[in-house]
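A.B. asks: Numbering-wise (the numbering used here), the sequence shown opens with residue 451 and increments by one.
Please keep in mind that the hints were generated in silico from the structure rather than gathered at the bench.
Among these hints, one or two may not hold up.
As the list claims (entries may be wrong) - Listed next, the in silico SDA-like pairs over lysine to any residue satisfying Cα-Cα at most 20 Å (straight line): (1) 790 - 767; (2) 757 - 768; (3) 626 - 645; (4) 520 - 543; (5) 627 - 690; (6) 520 - 829; (7) 790 - 806; (8) 627 - 608; (9) 790 - 771; (10) 626 - 701; (11) 520 - 530; (12) 723 - 704; (13) 757 - 555; (14) 723 - 598; (15) 520 - 483; (16) 757 - 524; (17) 670 - 833; (18) 757 - 547; (19) 627 - 701; (20) 757 - 556; (21) 626 - 607; (22) 723 - 700; (23) 626 - 636; (24) 627 - 603; (25) 626 - 611; (26) 670 - 837; (27) 790 - 818; (28) 626 - 638; (29) 723 - 805; (30) 790 - 814; (31) 627 - 638; (32) 520 - 480; (33) 626 - 705; (34) 723 - 802; (35) 757 - 501; (36) 723 - 484; (37) 757 - 522; (38) 626 - 605; (39) 790 - 778.
In this text, all values refer to a predicted model and were calculated from it rather than measured experimentally.
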Amino acid sequence: MKRLFLIVCVLMLVTSSASTAVTITHFTYDGHGTSWREYLQHMAHRFEAAEGISVEFMISSGGFDGFRTKLLTMVAGGLAPEVTDAHPMLAAPLIAQGVFADLTPYIQRDEVPLDRIPPVAVEGVRTPDRQLWGIPVSLYPVVTFFNVDIFAEHGVPNPRELGAQWTWETLVSAAKKLTIDADGDGTPEFYGTEHTSSRWEMQVHQAGGQLYDRIVYPTKSQFNSLAVLRAVEFIQNLYVEGLASNNSLHRVYNGNAAFSVVGGPGDIGSYYKTAPFAWDIARQPLGPANRAARVNPDGFQLVAQSKHRDEAWRWIHFLVTDTENQLTMARITGRLPSLKEAMVRYQSAVENSLPLPDNWQALIETTFDPDGYAAYVIPNASAIDAVVNPIMSRVWNGQASAAVSLQQIHEILPSLLN
Numbered sequence: 451m452k453r454l455f456l457i458v459c460v461l462m463l464v465t466s467s468a469s470t471a472v473t474i475t476h477f478t479y480d481g482h483g484t485s486w487r488e489y490l491q492h493m494a495h496r497f498e499a500a501e502g503i504s505v506e507f508m509i510s511s512g513g514f515d516g517f518r519t520k521l522l523t524m525v526a527g528g529l530a531p532e533v534t535d536a537h538p539m540l541a542a543p544l545i546a547q548g549v550f551a552d553l554t555p556y557i558q559r560d561e562v563p564l565d566r567i568p569p570v571a572v573e574g575v576r577t578p579d580r581q582l583w584g585i586p587v588s589l590y591p592v593v594t595f596f597n598v599d600i601f602a603e604h605g606v607p608n609p610r611e612l613g614a615q616w617t618w619e620t621l622v623s624a625a626k627k628l629t630i631d632a633d634g635d636g637t638p639e640f641y642g643t644e645h646t647s648s649r650w651e652m653q654v655h656q657a658g659g660q661l662y663d664r665i666v667y668p669t670k671s672q673f674n675s676l677a678v679l680r681a682v683e684f685i686q687n688l689y690v691e692g693l694a695s696n697n698s699l700h701r702v703y704n705g706n707a708a709f710s711v712v713g714g715p716g717d718i719g720s721y722y723k724t725a726p727f728a729w730d731i732a733r734q735p736l737g738p739a740n741r742a743a744r745v746n747p748d749g750f751q752l753v754a755q756s757k758h759r760d761e762a763w764r765w766i767h768f769l770v771t772d773t774e775n776q777l778t779m780a781r782i783t784g785r786l787p788s789l790k791e792a793m794v795r796y797q798s799a800v801e802n803s804l805p806l807p808d809n810w811q812a813l814i815e816t817t818f819d820p821d822g823y824a825a826y827v828i829p830n831a832s833a834i835d836a837v838v839n840p841i842m843s844r845v846w847n848g849q850a851s852a853a854v855s856l857q858q859i860h861e862i863l864p865s866l867l868n
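Generate the whole structure from the sequences, applying the supplied hints.
C.D. replies: Next comes the structure, spelled out in structure tokens:
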């Protein structure tokens, strides 16, 4: 009888445990790619084994708009996921609508030392009132990629060799020497540089300015400032003089451009893995003020309407705060970890899957540059881009004055920012 009683108690405990088991939903952005999803699935199995909490995944579709629309629909319908993995540009309108919970109480409760993550990345996921809408797990520092062979062939010092002398001035000099029109038809077959205008706010920071009064939730335009004008004219001249190309075929990794200042670690596995020439990286060139680079933080958010907040935070904590777990992410995805102690072991984590450049430490140096900045967080970015991009396209093509165009944008922006 006593034995039967014990068996019944065990069955009751098992049944109770099964009935209280929690499954959380992680809504992942499709733009992160297949290796990211492989990493999440791998970690979910380990998390369930360690914590007894299951993680199921939903994958967005349709880019930025598809992700935002689906998430807002789920929240409005009372079916909010627990966790998302948006980056600042993707999350901007959602932050403004209060979709994400402030992680500060959880971080304080569990004594998570944010100083293990570069300050620029932490600031990139803070609101102006100091709420923490996410926590970074990986970083995307933008650096200089260059074709070592072409610099050597033409006797031009490359960006790494130049070191402190890699500046706007030596960038222009190298671009002139390495833009090659072999058949003399007026159209180069090989360009000095490429796609510089794709991250043109970076040169604005290198000139000592920024586009708005602040990075997160800007309220005022600074498009009419001297620093912005100086940066825009610098880039415009590269295109007008025929030293840079925005043609998608002209890329350093395609072997027909000498260097690029707009790439990051994601390019290594995607494009340089099979490059038939020697290549390397260096920090950004020194502008009039600094070597500022965009350092994009990718990480996780806790959805405010989640039904299982504590369990969701345990999943985020598991992914972000453990060094070995971050190194697993690096091994599977090739991404640069956000924790300092994981960063310094990045090479050993990816050595069997990723051909790191000799100067891979430039990635880490860039993340800790105090002049660096995270992506602008602008809730109305789509409407602003619809105004700014066509005007700036005319500037890059040499069809419009930089000063007049920037003043035009400056006068339009107040209504859009508000």
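A.B. asks: Confirm or reject each hint.
C.D. replies: Verification of the supplied hints:
| no. | hint | verdict |
| --- | --- | --- |
| 1 | 790 - 767 | holds (16 Å) |
| 2 | 757 - 768 | holds (19 Å) |
| 3 | 626 - 645 | holds (16 Å) |
| 4 | 520 - 543 | holds (13 Å) |
| 5 | 627 - 690 | holds (16 Å) |
| 6 | 520 - 829 | holds (17 Å) |
| 7 | 790 - 806 | holds (18 Å) |
| 8 | 627 - 608 | holds (12 Å) |
| 9 | 790 - 771 | holds (11 Å) |
| 10 | 626 - 701 | holds (17 Å) |
| 11 | 520 - 530 | holds (10 Å) |
| 12 | 723 - 704 | holds (12 Å) |
| 13 | 757 - 555 | holds (17 Å) |
| 14 | 723 - 598 | holds (15 Å) |
| 15 | 520 - 483 | holds (18 Å) |
| 16 | 757 - 524 | holds (13 Å) |
| 17 | 670 - 833 | holds (16 Å) |
| 18 | 757 - 547 | holds (19 Å) |
| 19 | 627 - 701 | holds (17 Å) |
| 20 | 757 - 556 | holds (16 Å) |
| 21 | 626 - 607 | holds (13 Å) |
| 22 | 723 - 700 | holds (17 Å) |
| 23 | 626 - 636 | holds (14 Å) |
| 24 | 627 - 603 | holds (11 Å) |
| 25 | 626 - 611 | holds (18 Å) |
| 26 | 670 - 837 | holds (16 Å) |
| 27 | 790 - 818 | holds (10 Å) |
| 28 | 626 - 638 | holds (11 Å) |
| 29 | 723 - 805 | holds (6 Å) |
| 30 | 790 - 814 | holds (9 Å) |
| 31 | 627 - 638 | holds (12 Å) |
| 32 | 520 - 480 | holds (12 Å) |
| 33 | 626 - 705 | holds (17 Å) |
| 34 | 723 - 802 | holds (12 Å) |
| 35 | 757 - 501 | holds (18 Å) |
| 36 | 723 - 484 | holds (17 Å) |
| 37 | 757 - 522 | holds (16 Å) |
| 38 | 626 - 605 | holds (13 Å) |
| 39 | 790 - 778 | holds (15 Å) |
In this structure, none of the earlier numbered hints is contradicted; all agree with it.
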